[in-house]
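Number of protein chains: 2
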Amino acid sequence: MKEKDFISIIKQISNSEYIGDDCAFLEDLGIVVTQDSLVEDVHFSMKYISPYQLGYKSVMVNVSDVAASGAEPKYLTIALSMPADVDDDFIKEFYKGAKSACGEDIKIVGGDITGGDKIFISVCAIGAVGKRKISSRKNAKVGYDVIVSGNHGSSAAGLELLLSGQNVESDFIKAHLEPVAQVEFGKKIAQNVPCDYAMMDTSDGLMDALSAIANESNVLLEIDFDKIPYDNKISRFQNWQDLILYGGEDYQLVAVVPKGLVDFGFVIGEVKEGLGVDLKMNGNRFHLSKSDIENKIFNHFVKG
Amino acid sequence: MKEKDFISIIKQISNSEYIGDDCAFLEDLGIVVTQDSLVEDVHFSMKYISPYQLGYKSVMVNVSDVAASGAEPKYLTIALSMPADVDDDFIKEFYKGAKSACGEDIKIVGGDITGGDKIFISVCAIGAVGKRKISSRKNAKVGYDVIVSGNHGSSAAGLELLLSGQNVESDFIKAHLEPVAQVEFGKKIAQNVPCDYAMMDTSDGLMDALSAIANESNVLLEIDFDKIPYDNKISRFQNWQDLILYGGEDYQLVAVVPKGLVDFGFVIGEVKEGLGVDLKMNGNRFHLSKSDIENKIFNHFVKG
Numbered sequence: 112m113k114e115k116d117f118i119s120i121i122k123q124i125s126n127s128e129y130i131g132d133d134c135a136f137l138e139d140l141g142i143v144v145t146q147d148s149l150v151e152d153v154h155f156s157m158k159y160i161s162p163y164q165l166g167y168k169s170v171m172v173n174v175s176d177v178a179a180s181g182a183e184p185k186y187l188t189i190a191l192s193m194p195a196d197v198d199d200d201f202i203k204e205f206y207k208g209a210k211s212a213c214g215e216d217i218k219i220v221g222g223d224i225t226g227g228d229k230i231f232i233s234v235c236a237i238g239a240v241g242k243r244k245i246s247s248r249k250n251a252k253v254g255y256d257v258i259v260s261g262n263h264g265s266s267a268a269g270l271e272l273l274l275s276g277q278n279v280e281s282d283f284i285k286a287h288l289e290p291v292a293q294v295e296f297g298k299k300i301a302q303n304v305p306c307d308y309a310m311m312d313t314s315d316g317l318m319d320a321l322s323a324i325a326n327e328s329n330v331l332l333e334i335d336f337d338k339i340p341y342d343n344k345i346s347r348f349q350n351w352q353d354l355i356l357y358g359g360e361d362y363q364l365v366a367v368v369p370k371g372l373v374d375f376g377f378v379i380g381e382v383k384e385g386l387g388v389d390l391k392m393n394g395n396r397f398h399l400s401k402s403d404i405e406n407k408i409f410n411h412f413v414k415g
Numbered sequence: 112m113k114e115k116d117f118i119s120i121i122k123q124i125s126n127s128e129y130i131g132d133d134c135a136f137l138e139d140l141g142i143v144v145t146q147d148s149l150v151e152d153v154h155f156s157m158k159y160i161s162p163y164q165l166g167y168k169s170v171m172v173n174v175s176d177v178a179a180s181g182a183e184p185k186y187l188t189i190a191l192s193m194p195a196d197v198d199d200d201f202i203k204e205f206y207k208g209a210k211s212a213c214g215e216d217i218k219i220v221g222g223d224i225t226g227g228d229k230i231f232i233s234v235c236a237i238g239a240v241g242k243r244k245i246s247s248r249k250n251a252k253v254g255y256d257v258i259v260s261g262n263h264g265s266s267a268a269g270l271e272l273l274l275s276g277q278n279v280e281s282d283f284i285k286a287h288l289e290p291v292a293q294v295e296f297g298k299k300i301a302q303n304v305p306c307d308y309a310m311m312d313t314s315d316g317l318m319d320a321l322s323a324i325a326n327e328s329n330v331l332l333e334i335d336f337d338k339i340p341y342d343n344k345i346s347r348f349q350n351w352q353d354l355i356l357y358g359g360e361d362y363q364l365v366a367v368v369p370k371g372l373v374d375f376g377f378v379i380g381e382v383k384e385g386l387g388v389d390l391k392m393n394g395n396r397f398h399l400s401k402s403d404i405e406n407k408i409f410n411h412f413v414k415g
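Line by line, the protein sequences give chains A and B.
Heads up: the first sequence begins at 112 in the working numbering, then just goes up one per residue.
Heads up: the second sequence begins at 112 in the working numbering, then just goes up one per residue.
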C-alpha cells in the first residue's frame, strides 16, 4: 500500500478538511502546522549523513512545508528516538545542525527523546499567518504562470553519488545532505499575490508537485522542460532528465500564480484547461496523467 | 544517559526559554504546543495493546499535556511509522481510536505515514490559550494547596497485570490501555485561578510531577499519602504504595494553586518553605530530594 492510499484512509476516518496540503491552515488560531518524519534506513542512512546534517535536514524538510504554505516559519518541536548506545556527541551535533537550520528567526521549543532500535525523527513546524494569504493546491487557475524557485535534480544526483560510493565533496551531495528551504521565495510569493494561488515544495520531486497541483485544481499544467533550472553538471548522469523531473528532496518551491505579479524565480510553464501535466521535451509533447507520474515516483514502502 | 540529561543538552544548545514545561507557551501566537512519542517495545507492546487502543492512547498522552498547561486542546498532527507488512486494518483501527480520543472538540489536521522496522508514533498537539492563564512548573508558592484530579497507581497496576500474563478485563488494565486525559479539570483550574499557578500531568508518576514542581519552584511540597485518591483494589499488589506514588501513565493532573479558589479535585498537601517533597506515610515523615525520586522512576533507556 502506498502512502497516498494511507492518507486517503486517514482523510476518510478523520473526516478532516485540513488534510490535503502539506500544512494544515488553522484559521481560528492564525497558524499553519505540519509534521514530517525521517526514518533511519528508509529516508537516510548514517553511512552517508552526519549527525549535524541529519539535524539540519530534519528541520529544513519541515521549514520547507511551512514556506510552501506562504506562512512565516516560527516554531519547531523535535521528537528524536534512537538506540541507547548512541553517544552524547550525536545528540549535540544533531541539535547543532537543527539550530543552524533554524537561523535567527525560528525557535526550537520542545519535543522529546526516546529509546528505540533505529533513529527516528519527527519534527512539527508552526508558521504564523499574520496578513499573508495562505496557498492551497486547489488554487491553480487557467492562465496562471507556473514558477519554480531554483534548481531541480541536484539532490537526487547527490543521492546517486552517495549510493555508488562516491563520497567526494560535490555540489550535488551538498544539495542532498544540506538542502536549503526557500523561505524568502515563499514569503515574497505570499506578499506579492493578493488573490488565491497554489504553492508546494518539491520534496517528492518536481513532477509530483506539478501533478498534485494540477489534479487538486482540476487543470492542465503545460511545462517546458528547457525552462526548468538545473545545475548543468547534471548532464553527466545517464538519467539526468529523470533526476530533474522526478528526483526528490530539492526542497524548492513551485508556485502557480496570476501572470505579471512576480518578477523573481523561473517561469517553467502555464495553466491551461484540461487535467494533468503536458511536458514539452526533446522536441516532443508528452501528456502525463496522475497515475503516469505516480508510477515513476519513489515509493517509501518497498512493497507497493 | 537519562532523558533528563538529554533535555539539558538540548536546552543548552537551543538556548530556549520554552523548554521546561511539557507544553511550550507561544505567547505571540496565543497557543501552546507539545509533542510526545510512543515507540514499540519501549512504551508499548503489540502483545498487550490493540491498534485501536494505541491510536486512542497516543492522542490522550498529548491531550493530557495540553490540559496540564491550562490551554484548550484543539488540533493534532500524527506521525506514524510502521513496517510495510502491517495491514490496512491496523491503520483503520489506529485512526478510529485516535478519532475517538479526540471526541468532538479536537481535530486531527495532518501528519505523515512512513515505513520503518517498528511502530513509532509521534503526536503534536496544539492548544488555544484564549483568555486562560497558562500554568508553569515554576509557579508553586508557599501556602498553595496541592490538588490532584483523580486516582493514581491504576495504570501501573494494569501494566503489572499485563506483564504477568493476566490479560483479563480489569479496571487497572483499562486504566493502562485507555487512559482519559483530564481536560475538564485542566479547564476548570485555568478558569478558576486568576493568578500564577503550577500544573502538570502525572504521566511519569505522581512523585515525578511533585518533584518537578517543587524543584522548579524552589519550594517544599508536604504530601499526605492518605489523601491521595486510589482504587482500593490496588492493595492486593505487594508494592501498591509504590504503584500509587511512582507508577506512571495515569494521566491525571496535579495542580498547585492558592487556597480557597478550587472546590473540586482532591487536596493531597500544601506548599511549605524548603525544597523537595515531604511525604507523610505509615505514621512517618520522609524527606525525598530530587535525586531520591529520580532514582525510583522508570527510565526509558535500559542503560542508565
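Just so you know, not all the hints are guaranteed correct.
For chains that are exact copies, the list does not tell them apart, and a pair is met inside one copy or across any two.
To be verified - Here are the simulated SDA-like cross-link-like pairs (lysine to any residue), alpha carbons at most 20 Å apart as the crow flies:
| no. | residue 1 | residue 2 |
| --- | --- | --- |
| 1 | LYS185 | CYS213 |
| 2 | LYS249 | SER127 |
| 3 | LYS203 | GLU128 |
| 4 | LYS210 | TYR129 |
| 5 | LYS185 | GLY371 |
| 6 | LYS207 | ILE245 |
| 7 | LYS185 | SER127 |
| 8 | LYS244 | GLN302 |
| 9 | LYS298 | ASP389 |
| 10 | LYS158 | GLU204 |
| 11 | LYS210 | SER127 |
| 12 | LYS210 | ILE130 |
| 13 | LYS344 | GLU128 |
| 14 | LYS229 | LYS252 |
| 15 | LYS244 | TYR129 |
| 16 | LYS185 | ARG347 |
| 17 | LYS249 | GLN277 |
| 18 | LYS370 | ALA195 |
| 19 | LYS252 | VAL153 |
| 20 | LYS242 | LEU140 |
| 21 | LYS407 | LEU372 |
| 22 | LYS207 | GLU128 |
| 23 | LYS207 | PHE336 |
| 24 | LYS299 | ASP315 |
| 25 | LYS242 | VAL253 |
| 26 | LYS252 | ASN329 |
| 27 | LYS299 | ASN326 |
| 28 | LYS203 | GLY131 |
Hints in this document: simulated from the structure, not taken from any laboratory.
Intra- versus inter-subunit Cα pairing at 20 Å for LYS249 with SER127: Classified as within; 16 Å inside a copy, 37 Å across copies.
message: With identical chains, the pair LYS298 and ASP389 could be close in the same copy or across copies; at 20 Å between alpha carbons, which is it: within, between, both, or neither?
response: This pair counts as neither: shortest intra-copy Cα distance 28 Å, inter-copy 54 Å.
field: Alpha-carbon proximity between LYS299 and ASN326, which holds within one copy, between copies, both or neither at 20 Å
entry: Cα proximity of LYS299 and ASN326: none, with 25 Å in one copy and 47 Å across.
Within, between, both or neither, where LYS207 and ILE245 count as close if Cα-Cα is 20 Å or less: neither (31 Å within a copy, 30 Å between copies)
query: From the Cα coordinates, with 20 Å as the cut-off, is the pair LYS185 and CYS213 best called within, between, both, or neither?
result: Classified as within; 9 Å inside a copy, 26 Å across copies.
message: With identical chains, the pair LYS370 and ALA195 could be close in the same copy or across copies; at 20 Å between alpha carbons, which is it: within, between, both, or neither?
response: neither (54 Å within a copy, 44 Å between copies)
- request: Go through the copies and call it for LYS203 and GLU128: within, between, both or neither, with a Cα cutoff of 20 Å.
  value: between (39 Å within a copy, 18 Å between copies)
- request: Pop the pair LYS207 and GLU128 into one bin, within, between, both or neither, using alpha-carbon distances up to 20 Å.
  value: Between. Shortest inter-copy distance 17 Å satisfies the 20 Å Cα cut-off; intra-copy 36 Å does not.
task: Since the copies are identical, ignore which copy is meant and state whether LYS229 and LYS252 lie within 20 Å (CA to CA) inside a copy, between copies, both or neither.
output: For LYS229 and LYS252, neither the intra-copy (44 Å) nor the inter-copy (43 Å) Cα distance is at most 20 Å.
- prompt: Is it within, between, both, or neither for LYS203 and GLY131, if the alpha carbons may be no more than 20 Å apart?
  reply: Between copies only: 18 Å across chains, 35 Å inside a chain, cut-off 20 Å.
- prompt: At most 20 Å between C-alpha atoms: does LYS242 with VAL253 qualify within a copy, between copies, both, or neither?
  reply: neither (26 Å within a copy, 44 Å between copies)
- request: Up to 20 Å between alpha-carbons, please classify LYS185 paired with GLY371: within, between, both or neither.
  value: Neither way: LYS185 and GLY371 sit 30 Å apart in one copy and 39 Å across, limit 20 Å.
The structure does not agree with the numbered hints 5, 6, 9, 13, 14, 16, 17, 18, 19, 21, 23, 24, 25 and 27 stated previously, though it agrees with the rest.
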